[in-house]
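Model the placement of chain S on the given structure of chain F, informed by the hints.
Protein chains: 2
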Amino acid sequence: MTDKMREAAAFLREHDNYEILTHDYPDGDTLGSGYALCMVLQQMGKKARVITTSVPKDYLFLQEGVVAQDFEAETIVSVDIADEKLLGVNREKYEGRIDLCIDHHITNKVNAPLKLVEGSAAANCAILYKLFRLMDITWTRGIANCLYTGISTDTGCFRYTNTTSETMRIAADIMDIGCDTVYINKVMFETKTKKKIALEREVYDTIEYCLGDRCAIITVTLETQRAIGVSDGELEGLASIPRCIEGVQIGITMREKKPNEFKVSVRTNGNVSASALCETLGGGGHTAAAGCTVTGTPEEAKATLKAAAARFL
Amino acid sequence: MTDKMREAAAFLREHDNYEILTHDYPDGDTLGSGYALCMVLQQMGKKARVITTSVPKDYLFLQEGVVAQDFEAETIVSVDIADEKLLGVNREKYEGRIDLCIDHHITNKVNAPLKLVEGSAAANCAILYKLFRLMDITWTRGIANCLYTGISTDTGCFRYTNTTSETMRIAADIMDIGCDTVYINKVMFETKTKKKIALEREVYDTIEYCLGDRCAIITVTLETQRAIGVSDGELEGLASIPRCIEGVQIGITMREKKPNEFKVSVRTNGNVSASALCETLGGGGHTAAAGCTVTGTPEEAKATLKAAAARFL
Chain F
10 MTDKMREAAA FLREHDNYEI LTHDYPDGDT LGSGYALCMV LQQMGKKARV
60 ITTSVPKDYL FLQEGVVAQD FEAETIVSVD IADEKLLGVN REKYEGRIDL
110 CIDHHITNKV NAPLKLVEGS AAANCAILYK LFRLMDITWT RGIANCLYTG
160 ISTDTGCFRY TNTTSETMRI AADIMDIGCD TVYINKVMFE TKTKKKIALE
210 REVYDTIEYC LGDRCAIITV TLETQRAIGV SDGELEGLAS IPRCIEGVQI
260 GITMREKKPN EFKVSVRTNG NVSASALCET LGGGGHTAAA GCTVTGTPEE
310 AKATLKAAAA RFL
Chain S
10 MTDKMREAAA FLREHDNYEI LTHDYPDGDT LGSGYALCMV LQQMGKKARV
60 ITTSVPKDYL FLQEGVVAQD FEAETIVSVD IADEKLLGVN REKYEGRIDL
110 CIDHHITNKV NAPLKLVEGS AAANCAILYK LFRLMDITWT RGIANCLYTG
160 ISTDTGCFRY TNTTSETMRI AADIMDIGCD TVYINKVMFE TKTKKKIALE
210 REVYDTIEYC LGDRCAIITV TLETQRAIGV SDGELEGLAS IPRCIEGVQI
260 GITMREKKPN EFKVSVRTNG NVSASALCET LGGGGHTAAA GCTVTGTPEE
310 AKATLKAAAA RFL
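Read top to bottom, the protein sequences are chains F and S.
Heads up, the first sequence is in the working numbering, so the first residue is 10 and it goes up one at a time.
Heads up, the second sequence is in the working numbering, so the first residue is 10 and it goes up one at a time.
Since the hints were derived computationally from the structure, they do not count as laboratory data.
Accuracy of the hints is not assured; some may be wrong.
A pair holds if it fits inside one copy or across any two, identical chains being indistinguishable in the list.
Said to hold, decoys possible - Computed cross-link-like contacts, DSS-like style, restricted to lysine-lysine with a CA-CA straight-line distance of at most 27 Å:
| hint | residue 1 | residue 2 |
| --- | --- | --- |
| 1 | K272 | K201 |
| 2 | K13 | K56 |
| 3 | K56 | K201 |
| 4 | K315 | K204 |
| 5 | K267 | K311 |
| 6 | K272 | K203 |
| 7 | K267 | K204 |
| 8 | K124 | K13 |
| 9 | K204 | K311 |
| 10 | K201 | K315 |
| 11 | K272 | K94 |
| 12 | K311 | K272 |
| 13 | K266 | K204 |
| 14 | K267 | K66 |
| 15 | K13 | K311 |
| 16 | K203 | K315 |
| 17 | K124 | K266 |
| 18 | K315 | K195 |
With the rest of the complex left out, here is chain F:
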């Protein structure tokens, strides 16, 4: 255990009336962290609530076991938030007011008097697991479900490169506490809607290989989106399709937003920088995942993207 972890445990014992902040466009790790910590604090006789911008339907079960409490907030804790900019609509209210920041992003920029940041943790929930062990909490299925959800979603169910042997052992301990892994894995990793299947089928027909098959482009036309009636959730994840094709270094997804305007997602393998590529087209992002907007007819937009990709291969 680190000194910071002991400090964080002492801090949580000493204070009360907690608001726990999660990041915008919330995922399993920020929500799992938030609700797990909230249940632990309530179990200790404290008052606590989780502040979110929204909770996607598939994550609603994480709230089971949390009691709605009426109180005036005194203590602010952020979980899985690398930067206060990521507070979304809650930024104005909470920026500069965070007392304890718990996070696993090595680039953490949150301004707080006490920070428990472990960049080597695969998920923020893995840090909380160790903190809760130190605090000797009473383990419940609800807390275990929250932590397992955070760890499994942030590691792509233990297949991303951030997964370590420690991650695996923490997950094993959580499973032994008692945790609905069958339900969670099914919902998070093993379920596609019929519309999603129909969408993938349509998109497969649009795959175009270029630049010696090192680049693959898929297109989601407005017509397809309308015909199938897909939601944003169903469109999510499509961008990984071209990148996963054997030999492809640059995978491009063109989503028609309105006639002659495309939202473009670029995913890369190996040494190609997706953000550098997208920056040449006015966009940006991360090394392996970035985006931009391209206008023109489908043919013109594709030509623009191919020319940009060619400069990076």
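Relative to chain F, chain S alone:
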């Protein structure tokens, strides 16, 4: 450690000149088991080779560290083989000759004087891990890679219902030995060949929903297999497609092996037993994943499967 495990360890020490049998349409678990055991036996100064019907390209790396040896076979071990029928073209030569059977299928029907069968193991490679610990072998990266490949592929990278906390801890131990998880996870779970993409596209067109959409059936015809020129490796994994559709409890994959003969994979959610279903058709397997062979025209075979599925819904 069970008595059977001690017996198996003693058996392997006492004998020599091994042929290790893997099952037809080999997967990561049978090949990982075969090559890991072969390396362990060679390390002990024994002569050993692995007998396969084929080795899909993606699994060729498992052979690294195995030495080709010339010898007359004396001792026959089967790994991950539930039934001698699954020996494929090697059946005639080896049926009734197996001395030691190591397997994790609870329905194991192999006829052998010594059987180490643990139905609770997520993968055969998980049994071998415990056996190798008992035997106090010298661990190498090659052996670790084989065992990790078997365990990760048989659990869908730790997301299938057969994954237990013991599975997670064994994987953690293997990662600590030193193992190429980044490479293995990329190849096994994050890469699709162009042919695989073409195959999925064709298969999406064959999805048939029945029994109130609680059952979905996909068909891979000989024509599709020939037209795309797919390998066994590319066919693997298709079976998870129908099961992953929202609301589907029984997902069935019919692969035409020759005219009017189908290799059937059944995958189930919830309370439906895939092995019980397949046993009614002369097959077997695990609770959530099982198989059988069905003959007849495509329509007849499908009718047979629908009738069998109906009894379990």
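Checking each numbered hint in turn, tell me which of them this model violates, lowest number first. Numbers 3, 15, 17 - these are the hints that the structure violates, sorted from lowest upward.
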